[in-house]
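Residue numbers (our numbering), protein chains in the order written: chain A, -10 to 130; chain B, 1143 to 1543.
Worth flagging that the hints you see were computed from the coordinates, not collected in a lab. Because the structure is a prediction, the values reported are computed rather than measured. Quick reminder that beta carbons are idealized off the backbone N, C-alpha and C, glycines included. Among these hints, one or two may not hold up.
Quick look at which bits of chain A chain B covers, simulated, 3 or more residues with Cβ under 8 Å [claimed, not checked]:
#, region
1, 32 to 41
2, 46 to 59
3, 92 to 105
The calculated label-pair distances, taken between Cβ atoms and stated as ranges, are [as the list claims (entries may be wrong)]:
#, chain 1, residue 1, chain 2, residue 2, range
4, B, 1434, A, 122, 50 to 60 Å
5, A, 11, B, 1276, 42 to 52 Å
6, B, 1348, A, 87, 21 to 31 Å
7, B, 1171, A, -3, 57 to 67 Å
8, A, 103, B, 1290, 40 to 50 Å
9, A, 110, B, 1318, 41 to 51 Å
10, A, 4, B, 1521, 57 to 67 Å
11, A, 11, B, 1344, 58 to 68 Å
12, A, 11, B, 1186, 21 to 31 Å
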Amino acid sequence: MGVPRFWREQPHRYRLEGTRCTNCDRVYFPPRWVCPVCRRESVGKMERHKMDGTGTVVASTVVHDPAPGFEDQVPYAVAIIELDEGCRLTTQVSDVADPHDVVPGMRVKSAFRRIQSDGASGVIYYGTKFVPLVEQGSTPS
Amino acid sequence: MATNPAEKARHHAGREVAVIGIGQTAFGERWEASFRDLVTEAGLKAIQDANIQGEDIDAVYVGSMSTALTIGQEHVAPLVIDHAGLADFHMPATRVEGSGASGSIAFRQGVLAVRSGDADIVVVGGVEKMTDSSDAETARIVGSSMDQEWESFVGATDTAIHAMMARAHMDELGTTLDMLAQVAVKNHDHGLKNPYAQFKRPITREQVHAAPMVADPLTRLHCAPLSDGASTVVLCPLEAAESFTKKPVKVAGTGQGSDTLALHARHSLTTMAAARAAAERAYAQAGWGPDSVDVAELHDAYTVNELIALEDLGFFPRGGAGPATLEGETALGGRIPINPSGGLKARGHAVGATGLAQIAEIVSQLRNEAEGRQVKDARRGVCHNTGGTGATAVVTALEVL
Ligand SMILES: [Zn+2]
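With these hints in hand, go ahead and build the complete structure from the sequences.
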């Protein structure tokens, strides 16, 4: 991946910056600049919107045969997370004792992590992974 | 959706279309054969099967997913014409791309060209040369149909995305690992009977469960291989078809649909809305539906895809495909035989060629020429071909009159 291609997405990757349709108040992450509900009414009315970074696992898997650049991380958990704002994204869930512990219904929060390294260029890419969220007042298991 | 005043005029517009010739190569690790060799072999077989000459061909479409990455070559449609010895006819030659659905999209473009009257004889080829790449390059090629920024970037693989579909299918609909594994077992059994198939060995559910894990719960034996291969069909107006062949097969309907590129943005993980839309359009054109289908080829890139497709195309209610598969209803000899060719799992998945290999199989079935795997009295068949993780889907309805 070229450096400008990554740099362009940094606000979204580092700070979970999505977008909000000011016409209907829906928020989108990954960011969209056309609201699929309002379509033409949303043009020019999409604003940047930072997500809270908390959500719930909707679906998960444990990857044993990795994507190129992820060889040093196997086995790792990949999940679809529904953010509390209502939109969904694909992410790794890390900081778990066993990646198989990542199951639907699990509460998670975003964390800044190394994502992958480009062996050819020596560039290390950072971004957002998700980690277990311990809700206030609950007992860590 | 019918808010467009043009829609009323759309259905059944144009000429009826028939398949008059098919040709395919064996699928597999074809180390001895180049991209050019494969596409030429399948093309010449189809042209001979259709009893046409080079000068009869009005247009050529080529479906191929990723030639820049697999062989470092774009602009492959004129290359195909060139190597088939047809360059002096200067016919329009167009390559189309839609990931794993490239072949069926090319077929659909050919059908539309004949329907419109722009062309009488159209040759449609699908081809992929997967084994000239290293394993790492192949992984990138397969991953390139996913959302690069928001799926691949975080380490999700094509198998990981399908593994989440499989888990969701199990959690929501009661599908079991045995039901998923039986798809692979059944398709390997079918592949034994197909001379073009990559794998000609039976497997057991226990072997599927015990194979190396790729992305939980999908082991390697839930996944179709990536193959070299080509497949070609010849189309002409139905009214002229009997001057070329005794057994024309009518293209009763062709539907295509799309959806978000990333799985996470879709409304459901356990159904493919693009395929449902494609099926609805194909059935509407055909004037018949799943109840009258005798045989089908479905896009089983992973075992879960066949179960989802069985439900999306209306062969079984949601959650019904797994138990029916376990009971043998989708095997040769069962109520609705699925993937008599062996499917992607056993025939092989030569990506851009897959959709046309499906069509060649159903045409063979409807011509009653499928020998050891013939579905008795098959008159109506359907092909379902998807791209990526389901963002593109094509459904084709075929029948003999
Ligand atoms: Zn909106």
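Tested hints:
no.: 1; hint: 32 to 41; result: violated (count 0)
no.: 2; hint: 46 to 59; result: holds (count 13)
no.: 3; hint: 92 to 105; result: holds (count 3)
no.: 4; hint: 1434/B <-> 122/A: 50 to 60 Å; result: holds, 52 Å
no.: 5; hint: 11/A <-> 1276/B: 42 to 52 Å; result: holds, 48 Å
no.: 6; hint: 1348/B <-> 87/A: 21 to 31 Å; result: holds, 25 Å
no.: 7; hint: 1171/B <-> -3/A: 57 to 67 Å; result: violated, 39 Å
no.: 8; hint: 103/A <-> 1290/B: 40 to 50 Å; result: violated, 19 Å
no.: 9; hint: 110/A <-> 1318/B: 41 to 51 Å; result: holds, 45 Å
no.: 10; hint: 4/A <-> 1521/B: 57 to 67 Å; result: holds, 59 Å
no.: 11; hint: 11/A <-> 1344/B: 58 to 68 Å; result: holds, 60 Å
no.: 12; hint: 11/A <-> 1186/B: 21 to 31 Å; result: violated, 60 Å
Comparing the model with each numbered hint stated earlier shows that hints 1, 7, 8 and 12 do not hold.
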